[in-house]
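Please put together the full structure from these sequences, using the hints given.
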Amino acid sequence: MASADGALSVHSEDDKDAGGCKLNASSQVGDGEMSQKNATLNRNSSQPQKAKKKKKARVNRVARPNYTVHEGEDMLLVISSSTAQYDGSAWAPKRKGCKKRKVTKGKGKSIPTKRKKLMTALVVKQKEEMPEFVLEAPSDHRWGQMLPEEVLVNIFKMVVTQDGAVPFLCRVGRVCRLWNVAASSPVLWRKVSLGHCWIATGKTQLPKTESKIKYTIDWLAQKRFSQLREFSLHHWTKNVNYAVDVVSKFCPHLGALTLSYCSGLTEVGFQSLGLHSCSLQSLNLQYTEFQVEGLLSYLELYGCQIRQIWFTHGLKNDRLLTAISRGCCRDLELLEVNTKLDSKDGELPICIQALQTACPKLKTFRMLNVRPLHKTMRSGTELSLGFPSLEELCIATTSYSYMNDKDLWDILFASTQLRVLDLRGCSRITSAGLAALPCHDLECLFWGQYFSSHGGSSSLKKGLHMVTQKWNQTLQQLDIANQLFSEEDLEVAMSHLARATEGNTLRSLNLSGTRITTSALRPLIGQTTALNYLNLSSCRYLPRGLKRIYRGQEDIRQLLDKLE
Numbered sequence: 001m002a003s004a005d006g007a008l009s010v011h012s013e014d015d016k017d018a019g020g021c022k023l024n025a026s027s028q029v030g031d032g033e034m035s036q037k038n039a040t041l042n043r044n045s046s047q048p049q050k051a052k053k054k055k056k057a058r059v060n061r062v063a064r065p066n067y068t069v070h071e072g073e074d075m076l077l078v079i080s081s082s083t084a085q086y087d088g089s090a091w092a093p094k095r096k097g098c099k100k101r102k103v104t105k106g107k108g109k110s111i112p113t114k115r116k117k118l119m120t121a122l123v124v125k126q127k128e129e130m131p132e133f134v135l136e137a138p139s140d141h142r143w144g145q146m147l148p149e150e151v152l153v154n155i156f157k158m159v160v161t162q163d164g165a166v167p168f169l170c171r172v173g174r175v176c177r178l179w180n181v182a183a184s185s186p187v188l189w190r191k192v193s194l195g196h197c198w199i200a201t202g203k204t205q206l207p208k209t210e211s212k213i214k215y216t217i218d219w220l221a222q223k224r225f226s227q228l229r230e231f232s233l234h235h236w237t238k239n240v241n242y243a244v245d246v247v248s249k250f251c252p253h254l255g256a257l258t259l260s261y262c263s264g265l266t267e268v269g270f271q272s273l274g275l276h277s278c279s280l281q282s283l284n285l286q287y288t289e290f291q292v293e294g295l296l297s298y299l300e301l302y303g304c305q306i307r308q309i310w311f312t313h314g315l316k317n318d319r320l321l322t323a324i325s326r327g328c329c330r331d332l333e334l335l336e337v338n339t340k341l342d343s344k345d346g347e348l349p350i351c352i353q354a355l356q357t358a359c360p361k362l363k364t365f366r367m368l369n370v371r372p373l374h375k376t377m378r379s380g381t382e383l384s385l386g387f388p389s390l391e392e393l394c395i396a397t398t399s400y401s402y403m404n405d406k407d408l409w410d411i412l413f414a415s416t417q418l419r420v421l422d423l424r425g426c427s428r429i430t431s432a433g434l435a436a437l438p439c440h441d442l443e444c445l446f447w448g449q450y451f452s453s454h455g456g457s458s459s460l461k462k463g464l465h466m467v468t469q470k471w472n473q474t475l476q477q478l479d480i481a482n483q484l485f486s487e488e489d490l491e492v493a494m495s496h497l498a499r500a501t502e503g504n505t506l507r508s509l510n511l512s513g514t515r516i517t518t519s520a521l522r523p524l525i526g527q528t529t530a531l532n533y534l535n536l537s538s539c540r541y542l543p544r545g546l547k548r549i550y551r552g553q554e555d556i557r558q559l560l561d562k563l564e
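For the sequence shown, the positions run 1 to 564 when the numbering used here is used.
Please keep in mind that the hints were generated in silico from the structure rather than gathered at the bench.
Wrong hints could be hidden among the right ones.
Quick list of in silico lysine to aspartate or glutamate cross-link-like pairs, EDC-like style, CA-CA up to 20 Å [stated by the list, open to error]:
1. Lys461 x Asp441
2. Lys214 x Asp163
3. Lys462 x Glu488
4. Lys249 x Glu230
5. Lys547 x Glu487
6. Lys223 x Asp318
7. Lys249 x Glu267
8. Lys363 x Glu347
9. Lys208 x Asp218
10. Lys461 x Glu487
11. Lys470 x Glu391
12. Lys361 x Glu392
13. Lys238 x Asp218
14. Lys340 x Asp318
15. Lys316 x Glu336
16. Lys462 x Glu491
17. Lys363 x Glu336
Label pairs and their calculated CB-CB ranges [what the hints assert, rightly or not]:
18. Leu301 x Lys212: 32 to 38 Å
19. Pro252 x Tyr402: 43 to 49 Å
20. Gln469 x Gly327: 38 to 44 Å
21. Lys462 x His253: 53 to 59 Å
22. Leu546 x Asp331: 49 to 55 Å
23. Ser508 x Thr161: 54 to 60 Å
24. Pro252 x Glu149: 55 to 61 Å
25. Ser537 x Pro252: 37 to 43 Å
26. Glu230 x Thr416: 31 to 37 Å
27. Thr266 x Lys406: 41 to 47 Å
28. Phe413 x Lys461: 20 to 26 Å
Every residue gets a Cβ at the ideal spot worked out from N, C-alpha and C, and that includes glycine.
So, in structure tokens, the structure goes:
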């Protein structure tokens, strides 16, 4: 059959060249051979598509460039394609699954010659059209593996400062060996915060997941946390004891521990901190459920090394303040007691004199949304020396505060270095009480009334000019929102701020809801050159269009033009 097909193909080709050659050749063959050939022709005539294949028209393909141009904001990026290794070829590499074309016999020599000439012409044309910098670009584009390790560490440090070490360093460490070495640098692992890394909030933790968590904590503590300084856990309801125990054992330089919205820390975890974390100075337990007895025993044994402590006000946690007032943390510099905004029980019994005696080095004292109930010291005890090192006092509350001028004086009578005073919600404090304070370099005064009433009285207040006259040279931020001072008092107070010798001191001023007028604002804005925040919302004594918040010096200058 093959020979017959071959003869048939030859005859068919000859038929195209010479019309009567087939008839002459067949007349010289015998009858038997003629019948056999006729049968072969009849069989082949039933498959005309196989015998006579139409020749497809040749398509001239345009050569693909071996580079891609991306248009950026202010530049063009020329990037070589993945077929750059086929330099000099005008055709893309053969795809998988494509069948080879059958070459017709008798024409196998002419096709490669024509294709070769066409490819050569296209390559020459492509090279002429390509820019020089593309032709001279190196074939190896693995720039990330060519950077020095120090450069990568500095790049990673900027990302870690902004987004944290986890999970960023864990991901970039899987790129290549060089990135893994750079991401393993202990300098990048000095501050680590772990949140919902494995399970979402409220979901059940499976045994497999728990084993993975423990393995990850062990591996990080042994391989990465050799220079860990600050460690934080957020929203952990299980394995808190295990994480604290492992970190305290393998991190000798641990100085700060933060547990936020966690639960399950028992006496075992506090004992591990006391035995292994000799450098621990900061303990933040805000909105965290823990065993109070464990923390009390820890403070009694190791409280001398604690410098900063945060905790949330509660029925059980109030004993912590009592223990601190007894003197278990003699070197305490920061103490913050807070509670949630929707908390109904915000009263905290506290003996200020005992706390002053127990913590003479206190620099920052915050009671956020907590109303202190002052208790007097027992007779026969030594008199306190106050807080001589105090720099910040915050007694802000969202409800009515019972603190008056005498209570404020009992706290600050020796605080000559005070810089920040936050009395938001303290409506019983008067201007005379503030002016009598011994601090002369106050920088920030927050005295706005946002959530509390004005003590049941709508009468106008007086004496704001005494406050601004005392601290006009040092005040950088002043907040007197919703304070009921008269227009005349406000105008005199603003004039004291405007007459400050250093006009670049005041930066933020909140006058929302006050009786400020345009005549009081005009000299102040004209003299202060550093003011970049001004809140005039809900100021009824100002014209329409001016009662809004102004941000930036340019926006405030435009306000000055409108006032003039």
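A quick look at each hint next to the structure:
1. Distance restraint check for Lys461 and Asp441: the Cα-Cα separation of roughly 24 Å exceeds the 20 Å cut-off, and the hinted pair is therefore not satisfied.
2. For the given pair, Lys214 sits about 24 Å from Asp163 by alpha-carbon distance, which is inconsistent with the 20 Å threshold.
3. A C-alpha spacing of about 9 Å is found between Lys462 and Glu488, which places the hinted pair at or below 20 Å, so the restraint holds.
4. With a CA separation close to 14 Å, the supplied pair Lys249 and Glu230 stays within the 20 Å bound.
5. At most 20 Å may separate the alpha-carbon atoms for a hinted pair to count; Lys547 and Glu487 meet this at roughly 16 Å.
6. Distance hint between Lys223 and Asp318 is unfulfilled; the C-alpha atoms sit about 39 Å from each other, more than 20 Å.
7. Our distance criterion of 20 Å between C-alpha atoms is met by Lys249 and Glu267, whose separation comes to about 16 Å.
8. With a C-alpha separation of about 23 Å, the suggested pairing of Lys363 with Glu347 is violated against the 20 Å cut-off.
9. Taken as a hint, the Lys208 and Asp218 pair is honoured in the structure, with Cα atoms around 15 Å apart against an allowance of 20 Å.
10. At roughly 11 Å between alpha-carbon atoms, Lys461 and Glu487 fall within 20 Å of each other, so this suggested pair holds.
11. Our distance criterion of 20 Å between C-alpha atoms is met by Lys470 and Glu391, whose separation comes to about 18 Å.
12. This hinted pair checks out: Lys361 and Glu392 have alpha carbons roughly 12 Å apart, not beyond 20 Å.
13. In summary, the hint linking Lys238 to Asp218 is supported, as the alpha carbons are separated by about 16 Å, within the 20 Å threshold.
14. As the CA atoms of Lys340 and Asp318 are separated by approximately 15 Å, the hinted pair is consistent with the 20 Å bound.
15. A distance of roughly 16 Å separates the Cα atoms of Lys316 and Glu336; the hinted pair therefore holds under the 20 Å criterion.
16. For the proposed pair Lys462 and Glu491, the alpha carbon gap of about 12 Å is at most 20 Å, so the pair holds.
17. Proximity of Lys363 to Glu336 is assessed by CA-CA distance (about 11 Å); at most 20 Å being required, the pair is judged to hold.
18. Separated by about 34 Å at the C-beta atoms, Leu301 and Lys212 satisfy the suggested range of 32 to 38 Å.
19. Roughly 47 Å separates the CB atoms of Pro252 and Tyr402, a value that falls within the hinted 43 to 49 Å.
20. Checked against the hint of 38 to 44 Å, the C-beta distance between Gln469 and Gly327 comes to roughly 40 Å, which is consistent with it.
21. At roughly 55 Å, the beta-carbon separation of Lys462 and His253 lies within the given 53 to 59 Å, and the hint holds.
22. Evaluation of the 49 to 55 Å hint for Leu546 and Asp331 yields a pass: the beta carbon distance comes to about 51 Å.
23. As the Cβ distance of Ser508 to Thr161 is approximately 26 Å, the hint placing it in 54 to 60 Å is violated.
24. Range check, Pro252 to Glu149: about 26 Å between beta-carbon atoms, so the 55 to 61 Å window is missed.
25. A hinted range of 37 to 43 Å is violated for the C-beta pair Ser537 and Pro252, which are about 52 Å apart.
26. Between Glu230 and Thr416, the C-beta spacing of about 32 Å keeps the proposed range 31 to 37 Å intact.
27. Under the hint 41 to 47 Å, the C-beta atoms of Thr266 and Lys406, about 42 Å apart, fit the expected range.
28. The hinted range of 20 to 26 Å is satisfied by Phe413 and Lys461, whose Cβ atoms lie roughly 24 Å apart.
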